[in-house]
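Asker: Work out the full structure, taking the sequences as your base and the hints as a guide.
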Amino acid sequence: AQRVTQPEKLLSVFKGAPVELKCNYSYSGSPELFWYVQYSRQRLQLLLRHISRESIKGFTADLNKGETSFHLKKPFAQEEDSAMYYCALSNSNTGKLIFGQGTTLQVKP
Amino acid sequence: KAGVTQTPRYLIKTRGQQVTLSCSPISGHRSVSWYQQTPGQGLQFLFEYFSETQRNKGNFPGRFSGRQFSNSRSEMNVSTLELGDSALYLCASSLSTGYATEAFFGQGTRLTVV
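Protein sequence lines correspond, in order, to chains D and H.
For the first sequence, the residue numbers in the working numbering are 53 to 161.
For the second sequence, the residue numbers in the working numbering are 2 to 115.
Think of the hints as simulated: they come from the structure by calculation, not from any bench.
The C-beta atom is built at its ideal place from N, Cα and C for all residues, glycine as well.
Among these hints, one or two may not hold up.
As the list claims (entries may be wrong) - Chain H stretches covered by chain D per the calculated footprint, using a threshold of three residues with CB under 8 Å from any CB of chain D: (1) 48–57; (2) 84–96; (3) 103–114.
Said to hold, decoys possible - With a straight-line Cα cutoff of 30 Å, these simulated BS3-like cross-link-like pairs (lysine-lysine) come out: (4) D:K117 / D:K61; (5) H:K58 / D:K117; (6) D:K109 / D:K61; (7) H:K58 / D:K61; (8) D:K125 / D:K109; (9) D:K74 / H:K58; (10) D:K61 / D:K74; (11) D:K160 / D:K109; (12) D:K74 / D:K125.
Answerer: And the structure:
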């Protein structure tokens with residue numbers, strides 16, 4: 053079965069500390085993986101996707117096919133990074149996204 | 002350009018009633034997907050429409066249905082409402098259905114069933 057697992061419901065760090073939000077997936081094939089973010093009172097939006105191999109707002113994510121993981125990392129957390137983060141995968145050429153349960157990142161001053 | 006627009010933003014309905022939610026995608030986007038978001042289950046895929054055809058369906062009962070019009074606007078209908086249908090319903094549109102296409106989400110319709 054296709055599944056995305058985010059083991060942490062809440063991750064709390066201090067400003068300037070490194071951040072790693074974990075994401076593991078199960079999928080038989082070559083999925084495309086995404087991180088979506090929802091800031092307070094804003095709509096869900098794309099943060100980054102594996103295929104682009106880009107760094108957005110200092111965040112990066114590396115796909116590890118051996119460990120079936122797509123962890124999101126940032127070396128120095130900022131208060132404005134506080135938000136809900138969702139890992140998601142899509143398959144084939146459809147618009148269907150399978151989301152993890154989400155992790156709330158809280159960056160304390 | 003205007004984002005994905007969902008109407009209404011809030012709805013209160015009684016058990017047994019039916020409800021229709023509307024989604025206007027970003028201009029030019031042909032794919033529209035619907036998701037149900039609840040604290041317990043998180044974000045769950047309902048269905049996806051592309052060029053007026055349902056291409057994918059999630060594991061929801063037949064009470065949940067949808068359609069897409071020729072202008073790509075989409076509606077979602079839930080009949081015989083149950084208390085458990087209370088949720089935030091999100092619509093997302095995409096330019097195409099190519100690999101790794103970005104989905105743009107609306108602000109959602111908050112449905113409360115009493």
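Asker: Work down the list of hints and note, for each, if the structure agrees.
Answerer: Going through the hints against the structure:
{"no.": "1", "hint": "48–57", "result": "holds (count 4)"}
{"no.": "2", "hint": "84–96", "result": "holds (count 3)"}
{"no.": "3", "hint": "103–114", "result": "holds (count 7)"}
{"no.": "4", "hint": "D:K117 / D:K61", "result": "holds (23 Å)"}
{"no.": "5", "hint": "H:K58 / D:K117", "result": "holds (27 Å)"}
{"no.": "6", "hint": "D:K109 / D:K61", "result": "holds (22 Å)"}
{"no.": "7", "hint": "H:K58 / D:K61", "result": "holds (27 Å)"}
{"no.": "8", "hint": "D:K125 / D:K109", "result": "holds (11 Å)"}
{"no.": "9", "hint": "D:K74 / H:K58", "result": "holds (28 Å)"}
{"no.": "10", "hint": "D:K61 / D:K74", "result": "holds (10 Å)"}
{"no.": "11", "hint": "D:K160 / D:K109", "result": "holds (18 Å)"}
{"no.": "12", "hint": "D:K74 / D:K125", "result": "holds (9 Å)"}
Hint compliance for this structure: every hint is met.
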